[in-house]
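Asks: Residue numbers (the working numbering), protein chains in the order written: chain P, 908 to 1867; chain W, 10 to 404; chain D, 53 to 131.
One or more hints might be untrue.
Unchecked claim - Below, in silico cross-link-like pairs of lysine-lysine (DSS-like), each with a Cα-Cα straight-line distance of 25 Å or less:
hint : chain 1 : residue 1 : chain 2 : residue 2
1    : D       : Lys77     : P       : Lys1557
2    : W       : Lys109    : P       : Lys1060
3    : P       : Lys1041   : W       : Lys20
4    : P       : Lys1060   : W       : Lys148
5    : P       : Lys1032   : W       : Lys282
6    : P       : Lys1406   : P       : Lys1028
7    : W       : Lys244    : P       : Lys1463
8    : D       : Lys87     : W       : Lys244
9    : P       : Lys1028   : W       : Lys148
10   : P       : Lys1038   : W       : Lys244
Keep in mind that the hints were calculated from the coordinates and are not lab data.
All values reported here derive from a predicted model rather than from experimental measurement.
Here is what each chain is made of, one letter per residue.
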Amino acid sequence: MAGRLPGCATQVLDRARPVRIYFQGRQVDAFEGDSVASALLASGIDTFSRSFKYHRRRAPSCLSGQCSRCTMSVDGRMHVKTCQTSVREGMSVEPHGSVEFDPKSLADTFSWALPTGFYYKYFYKPQWFWKRVKEVFRAMPGNMATVRPLAGKSRIDAVNLSPEMLVVGGGLAGIEAAITAAQAGVRVVLAEADGWLGGFDAFQGEAGHRRAQDSIRRLREHGNVRVLTSTWVSAIYPDGLAICVQSCGGEGPEGVLERVFHVRAGTTVIATGATSVPPLFENNDRPGIILPEAAQRLVHLWGIRPGTRILLAGGDDYLARVGLELIDKGIGLAGLADYRESGPDEALRARLSEHGVRIWSGYKVTGSHGRTRVEGATLAALGGSDVQTVACDTIVASSGRYPRHKLLGQAGARMAYDSGLNFYLPEDVPRAYHAAGRLLGLEDPEAIMAQGRVAAVRALEGLGIDVGTMGQEARQALERPSPLRAVSAQPLSTEAGKKAKTFVCYCHDVTEKNVEQAVEEGFSDIETCKRYTTATQGACQGGMCEANFTHVLARKRPELGSRTLPTTRPPVASISLGAMAAGHHDNPQLSPLHHVQLEHGGRPMRLGSWIRMNHFGDELAESLAVHQAAGICDVSMLGKFRVFGPDAKKLLNRVMTREVGNLAGNKILYSSSCNEEGILLDDGVVLKMGEDDYFVTTLAGRAPVTEEWFARWCREEDWQVHVVNLTETRAGMNVAGPKSREILSKLTDADLSNEAFPFLTWARVKMAGVDVIAMRMGFVGELSYELLCPSSQAGFLWKRILEAGKPLGLVPFGIECLNICRLEKGHAIPGLDTDGFTNLFESSFGWMLNRTKTETVGKPMLELFSDRPLKEQLIAFSMDGKSPVLDGCLVVKGPRQLGRVTSIRYSPLLDKTIGLALVEPDEDWREGGKVRLWLGEGREVEAAFAKPPFYDPSGGRMKA
Amino acid sequence: MPTSQPVLRYKQPEKRYDVIVIGAGLHGLAAAYNLARYHRVGRIAVLERRYIGFGGSGRNTEMIRANKRAHETLPFYKESLEMWDGLSAELEWNLMVQKKGLIALAHSDGELAVMRMLSDSQRRAGIKIDMLGPEEVKKMVPSLDVSDKPALPVAGAQFHPEGGTVHHDAALWGYAKAASRCGVDICAGVEVTGFYVEGGKVNGVRTNVGNIAAGKVHVAVGGYSSEIARMLGVKYPVVTIPMQVMTTEVMAPFLDYYVASPRLHWYTQQTLKGDLILGGQLDPWQSWNSSTTWQECSERVAFILEYFPDLAHARVVRSWSGLCDCTGDSAPVMGPSGIDGLSLDIAWGYYGFKSTPACGKYAAEYIATGKVPEKIRHFGLDRFYNRQRVREIII
Amino acid sequence: MPFLIDCPNCGRRSPYEFKFGGECKRAPDPGADVKAWCDYLYLYENMSGVQDEWWYHTMGCRSWLKIRRNTVTHEIIEE
């Protein structure tokens, strides 16, 4: 290509501001306003990428972000559309792989050996051969980006917007729609993929530029329109969410690369425009073959000559108009091949002839030739035998027009083919969506603008907004100019049987012949043909090839009737993983005692949504301290609820396996709960705080599930019961060990003696000035107090208890120590020692089923199966000393697999390893029986079946 | 070199068959092929209301593996995994079997415990399984972040070397081609609208193109089994839930294995073509709508990006969704339906693809002999009435 | 129509704020037989079309709502 044209008003360049970028290390001079692709094209670079299968040379053909041929690696980011990326000083641009010399292009020569689906048809045996071949396959594709370590995380922001109206497309129709809505006083977001507004008219020479500028000026008068340029509306999802990704090119001090707008609009106007369909002829993929829009963009936006001798080819007057624009800029034409017998419109033809442009009416292009780019074309007369060769360095060609319909499709509209217009028109557009502009086949600017207003009026009316006289005016305006719909040309195609390739799908190198062959092999409907040939499945997702693909299919199988388009799926434009992930944050729950425990050497670990302390350096020492002196453990993650109201008892009797009605005074009721299958879900305690007023705890981390569960069991009742989740407002700590009473007595005046405050009772006490609910419980097997206090005071109380306890040997302990101590007592934890199949009887919690009350959830199933043998049971076992057996180890008996170890820990106090296992019933589960643990083929260890508890069987220590 | 011979051959249905298979997905075609090839049952038709592979057969992640949980069913999955090896040669069609190896990550000691249990069960069933430490995983997948930067760091992994991928479309067309060549009529555009059942025995089906008589009818309709149930006036233990998947632009080979996180419900693999397949989570609600959603896709990507931070600029080009017919115990329903002559192969959830070869084999055996083969004995409907549900669920 | 759920307490919200609670079913009497209970627990109409179902507003008012939804189109049918 031959350098720049003189500057003019339509250009987006700032020639006063030169910018240097580096292509493969070589300096390329550009101007502010250039895209990477325009800068490279202006500097004469012809080959941007190599194609997927045949490694053919490829260069941009659309310059509007649709074809994938211009993608390169920019500043280390892969698959960047260079045509939509603005240049920045010092930018480094690298193609994906070697483009100038590519030995894999031999594939192009040997393509005769690669028919459609060759990978299925060859290599099916022997197997070893396929294993080798597939490694060759993996390395073969062209335009493959390389994954490289990134220096750091790029800044990508996520923003939520909820305007009344979203307008997609900043052309005349979109702008008009936005202005109309703005005048009605609603908030509008207008998204435009290019870096400027104006759409098609931005590159229609000076007349188009003036129209666009006039519209933009009127738009700017409205403060309630937020304009997002360089923004692709990537998808519209079923919940109405539109994802708009703006490329920001590292703007601002923080270097924001992309910004993702999650837009929930009340209504949406889609004005995404239309695009020319690539022509079908032999070697239609050569660099130098571009769409008319691309030629116009080059000339009018970036002041670049597409070539010096340009052949125009197609079947409508648009090409002739583009030809006149090129002449106007002093660019040489090789001629115009118009497949219509009549050729272009009389006036256009006359003007072209004035400039000596050769016009071949009734001729089509049948092929291109050239080495690295187009050097000539072959023309053939339609229905005649005349063949001509034309020398040219650029072919500007199209074979019709195609709506950019994908967003509309995602919103739920169907596209129906109109054979008269050779254009697809939307049907069944869902209520909240409205189409406008060239997307609907309109061509006349007046009509496009009027129709943009009409779409906005309809959209506003859909929102129930009074538009006054605006609606009527807009509709009248639409009737005034002839609503001229462009009748596009029939796509041209080659005769069958030629050797050279005619590409239908450029991303995957699928030729017309491939598609025809697929149809012959039985892949005749669009979906199977698409999968078999892989056409439309590449980076452009059909944007460049759907029209030709459906055309070729329809021609081959006319009996299939109307043309259908493949299903449209998000995203419309490819979207980076970084942009998709923007806005996601991990927010684990922290206990109010989290930081104070870290100060004391706590080692945090993630458990579900919570972070808990695993231990404080030595879990074995912690467990000994609990037995010999005292320990303190954070149990804030226990679910804590107040359940109150006249029907509180009814609800609790439903969800609890034990009877709540008898609960009196300061007794603690320890209960469990099941689901309707009788599967054990949870255990916890119930305290009666007053008349119809209960306090309930549930397992650590289960509070959200429990809240939902309680609500579930009164959702169909007219009960007066309130469930208040106190989990995060109340901290919990367990002070356990023989010295715990003595320690806590230092901090309270309350009588903590066994007589005044016995096992399984609770009391309200003031401890270190903090209001505390204290419960005497026995999970770790020692005298212990579970203290619940306001979260805000928990850190203070924790510190006071530690101070008071330090002289007596109190240590903080974590969940590892908790596990050791509870296993010494043989206590199981629902969900850990049982699973989603273990019913109440099969766990060690069967005794908690009240057999007289009928309303308990799960009781009918438990009763129905109560006389049948258990499917499994929870057993305990022990081994002397330390054992290598870990949680999850299988319990076996010869070839039989009986179950698994659910929890196993070494107890330093007993010098034994103690475990629980969930196993099938077996005769060995008796005094003196053996539990065989599988450590691998031929390696088993034996443990002794035992009836827990292993420590303090009478419970004297915890009841002391 | 091969010339263009028809691979897919559609037929108009005749008035009478010996066996009708409903659904020209992988399972239906595999059953028909096995019946025609290995059993003498007479004339067979596969009826398909849309086109070959419309449902889950064309919308899956191509994963094959046998690392399931229940020791009763592991032999079935093991056999299925092994059967893929010889299938390309048998069907004379390259299914592009790649036993590239599956790495399942664990993020905590608790998950490692579960994984040990699974691994040991699988080893005892004769499936090759290794447990890996984070450093070993890093050596195999250099782009994986095994540091403590992710919110849930990699604590270890299970390696299933025989796991991998099969090109799903290749398998589909391979079975279709082979079934046609064995004389099976594949009829597309034929929608079953009802059944003829008399005295507890099936006599045929009603379709949009007329009635078709058959003494045996096999239901292999993937995610659509409840629609069949409604025609029969029964219910199945199935809820239909979509699963979404995404694919990216192509990248030079950098990921040799199938990597998954069961805890965070994501998996990813790089196909032969070079694109990444990303996915792994069922939608949170029942639905017969195969749209994808931003919330699901972006959450999957956010998790995957934590572990593959260098992929921040890789680009997703397409997302799609398939319907999974899920049971509560993650095991399928195969065998008797309660109606004589009507057999079921349904409720495969998201593990139907990998089970295709064995399903085809045993479905055919059951249809031909009327006896439930030992390997699918645990998949009966009766299990829901006697607390014999299969323990595939881990939690 | 966009797939949004009209919560009587919180307004029209994204379904991702909710937990799906399954199709509405009626439990048998406590004394019903094994068949009745197992049918209820394990079988689903699994409607491809309009069904009544439960949704729990986890990220909102945390109450259970009964919604009539078309499971094919996601259309919510107002009572």
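Asks: Take the hints in turn and mark each one as holding or not.
Replies: The hints, checked one at a time:
1. D/Lys77 with P/Lys1557: holds, 21 Å
2. W/Lys109 with P/Lys1060: Distance ~30 Å between lysine 109 of chain W and lysine 1060 of chain P Cα, so the pair is violated.
3. P/Lys1041 with W/Lys20: Violated. Lysine 1041 of chain P to lysine 20 of chain W sits at ~35 Å, over the 25 Å cutoff.
4. P/Lys1060 with W/Lys148: holds, 23 Å
5. P/Lys1032 with W/Lys282: holds, 21 Å
6. P/Lys1406 with P/Lys1028: holds, 21 Å
7. W/Lys244 with P/Lys1463: Judged against 25 Å, a Cα distance of about 44 Å means the pair is violated.
8. D/Lys87 with W/Lys244: Satisfied, since the Cα-Cα distance of roughly 13 Å is no more than 25 Å.
9. P/Lys1028 with W/Lys148: violated, 35 Å
10. P/Lys1038 with W/Lys244: Between lysine 1038 of chain P and lysine 244 of chain W the Cα gap is close to 45 Å, so the pair fails against 25 Å, i.e. violated.
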